[in-house]
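*Asks:* If you want the building blocks of each chain, they are given just below.
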Amino acid sequence: MLELRKDIFADERDDNLKEIGRGTQRQDMLGHVTGTSTYFDDHKLQGMLHLKVLRSPHAHARLRRIDTMEAERSAGVRRIIRGADVPRNLNTLLSLINFGKDDEPSLAVDKVRYKGEPIVAVVADSPREAYEAIAKVRVDYEPLPAVFDVEGALKPGAPVVNETYPKNTFVYHDVYDHQKLRFGDVERGFAEADHVLEQHYQMSPIEHAPTETNGSIAAPDTNGRYVVYTSTQALFFSLDTCAKILDVPSNTFHFIGGTVGGGFGGKVDTLTEPLAILGAMLTGRPVRYQLGREEEMQFGSPRGAERIYIKDGVMRDGRIVARKIRAYFDSGAYTRLSSYAVVKCVAHLPGPYTIPNVHGDVYCVFTNRTPATAMRGFGVTAMDFALECQMDKLAHLVGIDPMEFRILNAYRDGDMKAHRREAKNTALIECVQVAAEKAKWPLREEMRRMSSRKDGGGSRAAVSPTPLEPAPQGAAVSQQRTTYDRAPPATIQPPPPTPTPSPPRPPAPSPSHGATRFSSVFGTRRR
Amino acid sequence: MPVTVKTFANFGEAASALSSDRSARYLGGGTLVMRALNEGDVSISTVVRATDRALTRIDVASSRVTIGAGVTFARILAERELAFLHAPARSIGGPAVRNMGTVGGNLFAPSPYGDFTVALLALDATVSVQGGLGARDMPIEEFLQSRERQSGALVLAIACQRPASADAFRYRKIARIKPKGGSVITLAAHLPSSGGRISGARIALGSMAATQIRARAAERALEGRSLDDAAINAAAAVAAEGVSPTDNALGSAWYRREIVGVHLRRLLSGLE
Amino acid sequence: MTKTALQFRHNGRDVALFVDGGVNLLVALRESIGDMTPKFGCGQGGCGACSVLIDGELHLSCLTLAETVNGRAVETLDGLKDGPNLHPLQRAFMEQFAAQCGYCTPGMLMAAKALLDRNPSPSRAEVIEAISGNICRCTGYEPIINAVLAAASGGRARA
Ligand SMILES: Cc1cc2nc3c(=O)[nH]c(=O)nc-3n(C[C@H](O)[C@H](O)[C@H](O)COP(=O)(O)OP(=O)(O)OC[C@H]3O[C@@H](n4cnc5c(N)ncnc54)[C@H](O)[C@@H]3O)c2cc1C
Ligand code: FES
Ligand code: FES
Numbered sequence: 001m002l003e004l005r006k007d008i009f010a011d012e013r014d015d016n017l018k019e020i021g022r023g024t025q026r027q028d029m030l031g032h033v034t035g036t037s038t039y040f041d042d043h044k045l046q047g048m049l050h051l052k053v054l055r056s057p058h059a060h061a062r063l064r065r066i067d068t069m070e071a072e073r074s075a076g077v078r079r080i081i082r083g084a085d086v087p088r089n090l091n092t093l094l095s096l097i098n099f100g101k102d103d104e105p106s107l108a109v110d111k112v113r114y115k116g117e118p119i120v121a122v123v124a125d126s127p128r129e130a131y132e133a134i135a136k137v138r139v140d141y142e143p144l145p146a147v148f149d150v151e152g153a154l155k156p157g158a159p160v161v162n163e164t165y166p167k168n169t170f171v172y173h174d175v176y177d178h179q180k181l182r183f184g185d186v187e188r189g190f191a192e193a194d195h196v197l198e199q200h201y202q203m204s205p206i207e208h209a210p211t212e213t214n215g216s217i218a219a220p221d222t223n224g225r226y227v228v229y230t231s232t233q234a235l236f237f238s239l240d241t242c243a244k245i246l247d248v249p250s251n252t253f254h255f256i257g258g259t260v261g262g263g264f265g266g267k268v269d270t271l272t273e274p275l276a277i278l279g280a281m282l283t284g285r286p287v288r289y290q291l292g293r294e295e296e297m298q299f300g301s302p303r304g305a306e307r308i309y310i311k312d313g314v315m316r317d318g319r320i321v322a323r324k325i326r327a328y329f330d331s332g333a334y335t336r337l338s339s340y341a342v343v344k345c346v347a348h349l350p351g352p353y354t355i356p357n358v359h360g361d362v363y364c365v366f367t368n369r370t371p372a373t374a375m376r377g378f379g380v381t382a383m384d385f386a387l388e389c390q391m392d393k394l395a396h397l398v399g400i401d402p403m404e405f406r407i408l409n410a411y412r413d414g415d416m417k418a419h420r421r422e423a424k425n426t427a428l429i430e431c432v433q434v435a436a437e438k439a440k441w442p443l444r445e446e447m448r449r450m451s452s453r454k455d456g457g458g459s460r461a462a463v464s465p466t467p468l469e470p471a472p473q474g475a476a477v478s479q480q481r482t483t484y485d486r487a488p489p490a491t492i493q494p495p496p497p498t499p500t501p502s503p504p505r506p507p508a509p510s511p512s513h514g515a516t517r518f519s520s521v522f523g524t525r526r527r
Numbered sequence: 001m002p003v004t005v006k007t008f009a010n011f012g013e014a015a016s017a018l019s020s021d022r023s024a025r026y027l028g029g030g031t032l033v034m035r036a037l038n039e040g041d042v043s044i045s046t047v048v049r050a051t052d053r054a055l056t057r058i059d060v061a062s063s064r065v066t067i068g069a070g071v072t073f074a075r076i077l078a079e080r081e082l083a084f085l086h087a088p089a090r091s092i093g094g095p096a097v098r099n100m101g102t103v104g105g106n107l108f109a110p111s112p113y114g115d116f117t118v119a120l121l122a123l124d125a126t127v128s129v130q131g132g133l134g135a136r137d138m139p140i141e142e143f144l145q146s147r148e149r150q151s152g153a154l155v156l157a158i159a160c161q162r163p164a165s166a167d168a169f170r171y172r173k174i175a176r177i178k179p180k181g182g183s184v185i186t187l188a189a190h191l192p193s194s195g196g197r198i199s200g201a202r203i204a205l206g207s208m209a210a211t212q213i214r215a216r217a218a219e220r221a222l223e224g225r226s227l228d229d230a231a232i233n234a235a236a237a238v239a240a241e242g243v244s245p246t247d248n249a250l251g252s253a254w255y256r257r258e259i260v261g262v263h264l265r266r267l268l269s270g271l272e
Numbered sequence: 001m002t003k004t005a006l007q008f009r010h011n012g013r014d015v016a017l018f019v020d021g022g023v024n025l026l027v028a029l030r031e032s033i034g035d036m037t038p039k040f041g042c043g044q045g046g047c048g049a050c051s052v053l054i055d056g057e058l059h060l061s062c063l064t065l066a067e068t069v070n071g072r073a074v075e076t077l078d079g080l081k082d083g084p085n086l087h088p089l090q091r092a093f094m095e096q097f098a099a100q101c102g103y104c105t106p107g108m109l110m111a112a113k114a115l116l117d118r119n120p121s122p123s124r125a126e127v128i129e130a131i132s133g134n135i136c137r138c139t140g141y142e143p144i145i146n147a148v149l150a151a152a153s154g155g156r157a158r159a
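For the record, the sequence lines run as chains A, B and C.
Okay, so the first sequence: first residue is 1 according to the UniProt record's numbering, each after it adds one.
Okay, so the second sequence: first residue is 1 according to the UniProt record's numbering, each after it adds one.
Okay, so the third sequence: first residue is 1 according to the UniProt record's numbering, each after it adds one.
Next up, chain A with everything else stripped away, as it sits in the complex (with noise of 0.2 Å):
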């Protein structure tokens, strides 16, 4: 049952709260038990056709020859769909916000890169004729060594899995294959500790499984403009999307969304909309594109899989003096939002604890799995895991109490956080001595006497000397244009790869695009 504890922190705030605390009837939920919620493919529209995709069956492999003569001629067949037909076949997601390189085409067009890969689209009467005629596409495939691992995919001499980025990690401001995070000397941290720890974490990928798929129906609309309804978790996103990928201004669109059928992060990638309106476009008809279970299993993207290992130095008395952080984030075959996963991670550590030396090195690493995508507190959550599991093994190792120890290691206001940040409004001490009442889980009377606000900043404030590292050598290949995947539009576009590295510079947006700056994206917080 919901208990408020007004008790803590009651001096921070004026107490009177009228909304929290007590039961209110969503506004949605009326439309709910009547059926009459209205979701995208509650939408019945005179002349709808229907919407299928080839998909890929290997990993990894080159496409030789896509050959559609006879799937052309099936019956009900509206039109098929190529790479070439669309646009801007190539697009990454955070683009809209100057965020990394474009690396994942709508159809594929000289490689594919995971099992589910899209590479022709049927637009067809029904749903049968449409898989009718995918049944009569002949695809040459030539298999390519695959790579799954991601440590694996680092090795020299791994495949390439996505020629955007030749080294298979994402590259952040044109030079770093990583994200940083370097305060005080964990060396010298653990020289100093009475014990180390280290351990390995992994992580598997998590499915979302919202119960309803992931799609959309698009229709002309009158004045040359379409109308989409979407299950999107992210509507003008999507939109802007469509309208970068269609090469069209965004006001081409009225994308209608709202009631979604579960998300979870899994509806916020803009898989199904922008065939589904290049359909439309293409045969003037309202055309529908949802995905059957297994395509939402298998292409609709997961919470991505990660890889953590945790090194600790602690003394006898509990305190934490060093944790050195290794992690790769698996991203699949695009980027998706892994890269922000990972800026979002690193902002995590150490983990809610004042520790005085940290130093963490996260990767986003491409492999030949399903791209990875947002997840409820993706970057964050695995990482917490193991950061928790951690924690009970090294008050296991010096004979502390786990509740103890957090609330010995908890960060107080005051102190220095890892990212050099003042510690503020912090509760976790208050948090693990409720959670340890109601529990009936037995803190010592010095322990139950703590406080978030005591004791904090002082020595616990300082920045220990950090040493130097020195910067990495030259520069990445900014942009570069892969050789399987059609180029967009040349004018639009920074220029092709040059054979010399070009200095770091932000890619070049087309006008109408990114305009928005999401400035926790570049790790530089306004605050």
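Some hints here could point you the wrong way.
[Claimed, not checked] With a straight-line Cα cutoff of 30 Å, these simulated DSSO-like cross-link-like pairs (lysine-lysine) come out:
1. K136(A) with K180(B)
2. K3(C) with K44(A)
3. K81(C) with K44(A)
4. K3(C) with K136(A)
5. K3(C) with K6(B)
6. K44(A) with K180(A)
7. K167(A) with K344(A)
8. K180(A) with K438(A)
9. K136(A) with K167(A)
10. K438(A) with K454(A)
Calculated directly from the structure, the hints in this document are not laboratory data.
Fit chains B and C with the ligands to the known structure of chain A by using the hints.
*Replies:* For chains B and C with the ligands alone, coordinates are given in the frame of chain A:
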């Protein structure tokens, strides 16, 4: 080619329609056929149905029971005389799947499905099949071994002997999701006894090979013995003999081999 | 494409329509009749979002060949209300917070109705069994189970 549905009032006509068309599929409850159509299986272009009441008949008048191929699990659960088959029927799907799925379709359901068939195999059922050349009864084991070649034939009914006592027939399905879930392993045992000694033991396993199979070594270990700890241990020790499970999302082949003996021991000793 | 004529009772009203060969009842209800209350979640029988009652029995409309309901009675969530009055299950779902995104709700309500029609005062275990073929990815099952139990006891109190 769009899908054509052919509905017959008589099972004989349905059987000939089925045997004369390679792309035809018989529709029982449809839980697997419709799923295939929904997912774009274009190898099916004709769906054959039979509304013949003969296919939904249940005959429990004698010690040998006969169940039409079109009988659903919900109907078996509603039939008190078929109490010995309630555990396997209840172990299938959720309530809607039990209202729809049939005994006949279960004979063809690939792993991890086919739980009811495990029970029928332990009961030495016979399967009546109507082919192009007429009807014949065949032992279920033979039917399963030649299942691939049975497509095109229509199953009319299954029949089996009612176990002598409730204790003589046991069933256990291991699933990760309860109350609904695909089988990690399914086990059934029929243990007829005379004078306290087991005679003609049948132990059947699901999800342990390409089709449901008998655990012959375990059956032999029980033969002529009373069901004591020594006999149970002997049967459990050889439970994995002859199995060839595969890896799937519910369990690995290794895991299945490791636990088959454990679950057989629990089944035989009547533990939950 | 060959069309098949089909007649059945839909929420107490006779309907006649033509369907494509091989089409399932979910598509027939949504596209031919325009009853959008049953939802597509998988087309594999795995989620229960498409659940309807056929002659009072719970069925998955995505796995039901449309022509098999010829002459039978199909009930969907669209027919659950009595005029402007919500069914006790609908009221209980609202009060017990038994929906979040609402996509599973039509199927959950039909599975619960199938239970209460046969067994007006089920145990908790019977409720769990009755909705075991229905997946909810958002709400968590506890509020849904509580709502069904509340509707059941509410029904008893009125009776
Ligand atoms: C969500 C879900 C959960 C499930 N859970 C289980 C489970 O726990 N255990 C389990 O065993 N199964 C399970 N199944 C699988 C399936 O529902 C059952 O195996 C059921 O018994 C299949 O019967 P059916 O009548 O629906 O088959 P159908 O789909 O009608 O047919 C299946 C196959 O058998 C053939 N066939 C059917 N009847 C005949 C006949 N009389 N003669 C010749 N061929 C015939 C069909 O042509 C087809 O090839 C599940 C299915 C779903 C969708
Ligand atoms: S759509 Fe019918 S069970 Fe999922
Ligand atoms: S409320 Fe979203 S699936 Fe149940």
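*Asks:* Against this structure, judge whether each hint is valid.
*Replies:* Hint check:
1. A hinted pair counts as satisfied when its Cα atoms are at most 30 Å apart, and K136(A) with K180(B) does not qualify at roughly 38 Å.
2. Of the pairs offered as hints, the one joining K3(C) and K44(A) holds, with about 20 Å between alpha carbons and a cut-off of 30 Å not exceeded.
3. For the proposed pair K81(C) and K44(A), the alpha carbon gap of about 23 Å is at most 30 Å, so the pair holds.
4. At roughly 24 Å between alpha-carbon atoms, K3(C) and K136(A) fall within 30 Å of each other, so this suggested pair holds.
5. Between K3(C) and K6(B) the alpha-carbon distance is near 13 Å, which keeps this suggested pair within the 30 Å criterion.
6. With a C-alpha separation of about 51 Å, the suggested pairing of K44(A) with K180(A) is violated against the 30 Å cut-off.
7. Between K167(A) and K344(A), the direct Cα distance comes to roughly 22 Å. Compliance with the 30 Å bound is thereby established for this hinted pair.
8. For the proposed pair K180(A) and K438(A), the alpha carbon gap of about 38 Å is over 30 Å, so the pair is violated.
9. Between the alpha carbons of K136(A) and K167(A) the distance comes to roughly 37 Å, so the proposed pair goes past 30 Å and is violated.
10. This hinted pair checks out: K438(A) and K454(A) have alpha carbons roughly 23 Å apart, not beyond 30 Å.
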